[in-house]
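Fit chain B to the known structure of chain A by using the hints.
Here is what each chain is made of, one letter per residue.
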Amino acid sequence: MSPTSGTVIATVPARAEHLHVIRAVIGSVAARHELTIDAIDDLRIAVDEACAQLIRAGGETITVSIAADATGVEVVCRTDARVSAWPPEGLDRTLAAQVLRGLTDEVTWGRADGRPSVRIRKRGVAADR
Amino acid sequence: MSGGAEVDEAELFARLPDPDAREELMLRHRPLALYLARRFAGRGETLEDLEQVASLALLKAIDRFDPGRDVRFATFATVTIVGELKRHLRDRGWAVRVPRPLQELAVRVSGLLPELWQELGRSPTVTEIAERVDATEDEVLEALEAAQAYSADPLDALASEGDRIAPAETLGEHDERFERLEGWRTVAPLIARLPERERRILYLRFFEERTQGQIAEELGISQMHVSRLLARTLERLRETSEG
Chain A
1 MSPTSGTVIA
11 TVPARAEHLH
21 VIRAVIGSVA
31 ARHELTIDAI
41 DDLRIAVDEA
51 CAQLIRAGGE
61 TITVSIAADA
71 TGVEVVCRTD
81 ARVSAWPPEG
91 LDRTLAAQVL
101 RGLTDEVTWG
111 RADGRPSVRI
121 RKRGVAADR
Chain B
1001 MSGGAEVDEA
1011 ELFARLPDPD
1021 AREELMLRHR
1031 PLALYLARRF
1041 AGRGETLEDL
1051 EQVASLALLK
1061 AIDRFDPGRD
1071 VRFATFATVT
1081 IVGELKRHLR
1091 DRGWAVRVPR
1101 PLQELAVRVS
1111 GLLPELWQEL
1121 GRSPTVTEIA
1131 ERVDATEDEV
1141 LEALEAAQAY
1151 SADPLDALAS
1161 EGDRIAPAET
1171 LGEHDERFER
1181 LEGWRTVAPL
1191 IARLPERERR
1201 ILYLRFFEER
1211 TQGQIAEELG
1221 ISQMHVSRLL
1231 ARTLERLRET
1241 SEG
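Sequences listed follow chains A and B, in order.
Here the first sequence is numbered in the numbering used here, starting from 1 and rising by one per residue.
Here the second sequence is numbered in the numbering used here, starting from 1001 and rising by one per residue.
Just chain A, same shape as in the assembly:
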């Protein structure tokens, strides 16, 4: 899912106290794209986890792009940190990785524009019809 005119993008300082803005935006966008309230909650927790990991990578800002189509919502979280080692070694064994796997339909640790990113997909109810 590449960014379109319908993509919502929010950038906040890379500090935990600003992530409530991201949570609010996620809720607002997801609610309009046929995600159940449970799925919205899962997505918020997952994005929280992803952003917490990105904050640890350093950097000044966290940018979250939220795009939706008929099948669900895709969120790409990225930091502006320049780090060579990403995703962090041993990530697969952390609770954060387990939580992300458990609460999302798809999670990809990679890079966006060369910077560390986490891509998350959550299906909407239309995808199950």
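Just so you know, these hints were derived from the structure itself, not from any lab.
Quick caveat: nothing in here was measured; it's all calculated off a predicted structure.
Positions of the beta carbon are idealized from the N, C-alpha and C atoms, including for glycine.
You may find that some hints are simply not true.
Unchecked claim - Here are the in silico distance ranges between beta carbons for each label pair:
(1) Gly1111(B) - Ser28(A): 21 to 31 Å
(2) Gly90(A) - Glu1011(B): 19 to 29 Å
(3) Ala126(A) - Glu1011(B): 16 to 26 Å
(4) Gln1103(B) - Arg82(A): 43 to 53 Å
(5) Asp1134(B) - Val8(A): 19 to 29 Å
(6) Ala126(A) - Ala1192(B): 23 to 33 Å
(7) Ala1014(B) - Gly90(A): 23 to 33 Å
(8) Glu106(A) - Leu1056(B): 40 to 50 Å
(9) Arg1087(B) - Arg15(A): 27 to 37 Å
(10) Phe1013(B) - Val8(A): 38 to 48 Å
(11) Glu60(A) - Pro1019(B): 44 to 54 Å
(12) Glu17(A) - Ala1231(B): 14 to 24 Å
(13) Arg111(A) - Pro1019(B): 31 to 41 Å
Relative to chain A, chain B alone:
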């Protein structure tokens, strides 16, 4: 997960309903349950209650898990525990201290949820709720927020306490646990050199999930003292591991 750890866990599941195997699985995955419980803090329930719900859900997950299926137990347990925590909070209603009109809408929405669940066979979307209560999607979102205010605590804790994330691994002797846990492994040799009291504080705080007050009581020192020791120890570990 290393191959060795997986084999061990598969053996434990094969031994069920042996109580010792069940207990061992509980101990291994308890950090996951406690971690998820903290994720739901601040919604009008005490952390202790949430931890209890999460622990019971973990037990349920252990009993229901089918090792023959292509899914990791930690993934299955996460879904089960989060589901139980949500159900618990939904049943308990919502937090107070919200504007009255919003409270009223929150009550209506909360009352409607079980009905919609039954009708749809899944949790409803915000649009479906909005249509039913004749409110806008934004109003419903606000009402849901009022009913289930999301807690920022866990993440704040993460940011301020450094390597807070502890994976679901086995409980054991303190030093052995530090050695085996990803995230703590890199600093395990440093931890081994810490004075016994500092090591004990780290263990109680991050693995037993005790509060500083509880640790102070157990060690017979002031909470301020625990706070200082903990901050100093973490700083030392961070500096040494990064330097």
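Now for the hints, and whether the structure bears them out:
Between Gly1111(B) and Ser28(A) the CB atoms are about 24 Å apart, so this pair conforms to the stated range of 21 to 31 Å. At roughly 24 Å, the beta carbons of Gly90(A) and Glu1011(B) sit within the given window of 19 to 29 Å. Separated by about 42 Å at the C-beta atoms, Ala126(A) and Glu1011(B) break the suggested range of 16 to 26 Å. Taking 43 to 53 Å as the suggested C-beta distance range, the pair Gln1103(B) and Arg82(A) conforms, at roughly 48 Å.
Between Asp1134(B) and Val8(A) the beta carbon distance is about 27 Å. The supplied range of 19 to 29 Å therefore holds. Roughly 54 Å separates the CB atoms of Ala126(A) and Ala1192(B), a value that falls outside the hinted 23 to 33 Å. In this structure the hint that Ala1014(B) and Gly90(A) lie 23 to 33 Å apart at CB holds, the actual value being about 27 Å. In this structure, Glu106(A) and Leu1056(B) break the distance hint of 40 to 50 Å, their C-beta atoms being roughly 30 Å apart.
The beta-carbon spacing between Arg1087(B) and Arg15(A), approximately 33 Å, falls within the hinted interval of 27 to 37 Å. Checking the proposed 38 to 48 Å range against Phe1013(B) and Val8(A) shows it holds: the Cβ atoms sit about 43 Å from each other. Between Glu60(A) and Pro1019(B) the Cβ separation comes to about 52 Å, which falls inside the hinted range of 44 to 54 Å. At roughly 19 Å, the beta-carbon separation of Glu17(A) and Ala1231(B) lies within the given 14 to 24 Å, and the hint holds.
Separation of Arg111(A) from Pro1019(B) is about 47 Å and departs from the stated range, judged on CB atoms against 31 to 41 Å.
In this structure, the earlier hints numbered 3, 6, 8 and 13 are contradicted, and the remaining ones agree with it.
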